[in-house]
Amino acid sequence: GKRVHTMNYTTCTDLYLNIHFEQQPDFNVTLSQIKLMIMKSLLDLHGQVGSAIPIEILKHKVFSDLEHYATLRIPQKELTKVWSAVTMLGSYGNTNCAICVTETPVSDLGCT
Amino acid sequence: LFIRKRIRVQGENMRFKSRYLLLEFSFSSEKDRRVALSSLNEKHLRHHIKESLLSLHGDYGLACVLQSLNVKYLNVTTDVAILRVPRDHYRTVWSAITLMTHLQNSPCSINTIHIGGTIKSCQKYLIEYNYKKLKNMLESSSTGLEKKNLRLKIKEVLKKDSIPLKV
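Quick mapping for you: the protein sequence lines, in order, are chains A and B. Numbering-wise, the first sequence is residues 1 to 112 according to the working numbering. Numbering-wise, the second sequence is residues 113 to 279 according to the working numbering.
If you're looking for bench data, these hints aren't it; they were derived computationally from the structure. Honestly, I wouldn't trust all of these hints.
[As the list claims (entries may be wrong)] Keeping only pairs whose Cα atoms sit at most 27 angstroms apart, straight-line, the calculated DSS-like set for lysine-lysine is:
1. B:Lys232 x B:Lys143
2. B:Lys232 x B:Lys184
3. B:Lys245 x A:Lys77
4. B:Lys162 x A:Lys81
5. B:Lys162 x A:Lys40
6. B:Lys129 x A:Lys77
7. A:Lys81 x B:Lys129
8. B:Lys162 x B:Lys129
Looking at chain A on its own, in the form it has when it is part of the complex (with noise of 0.2 angstroms):
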């Protein structure tokens, strides 16, 4: 992200936030239908506002078969709709899925 520099402070307009995604065993998810779910998950909470919110997936890891770890770029402005529709989303379609949010650092140094 852009970093601004004014006087006594930074601005950053960007922010990145760590997930941990959680689903069931028998279905194999894309990083294209995280991305999708996540998206539902806010217009459903936010409405179309929330769903035009831009959201970068940069990060992908797959551990086991059923746990992912992300990466995402977030606007600052948008952080409290974002985790409350990425916490909110409980199921897509026939599966179950959780997501946690581990960390959210300002620099993309800081993820993993």
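For this one, chain A is given, so just place chain B on it according to the hints.
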């Protein structure tokens, strides 16, 4: 020594703070207007606004506002409504109303003319707005008879209201 401090507990003011939006409907044709306004009710208008809020701002946006979202005044002949909204979230309701495209299945656009803290301020503004409209109609009317009728109407309006107009 046991020192007792007097702690002043600040109680939060539980008054519901609100804003009143003055709305004006504009339809694409006279036929649409008649069809839509024939069955328009305060309840129907509130339902349409709730739908628009739900689609634009989602569950959270609707829930923030629902507690004190009321239609206080609806005039079907002059296409005017006054809506009460909570003060903290009046912009979400304002945006949802502006982006509404249909009312009772006919295409319509709702314009927010004025936002006031009380119903009385909205009424004051509405009187001045109507007066300006009548003045514009007077300037743009072609025949002498229309002008005469309009001038009489304006005189009536000025006499009736005790609220002094900024003429």
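Hints violated by the structure (numbers, ascending) = Going through the list in order, the structure violates hints 1, 3 and respects the others.
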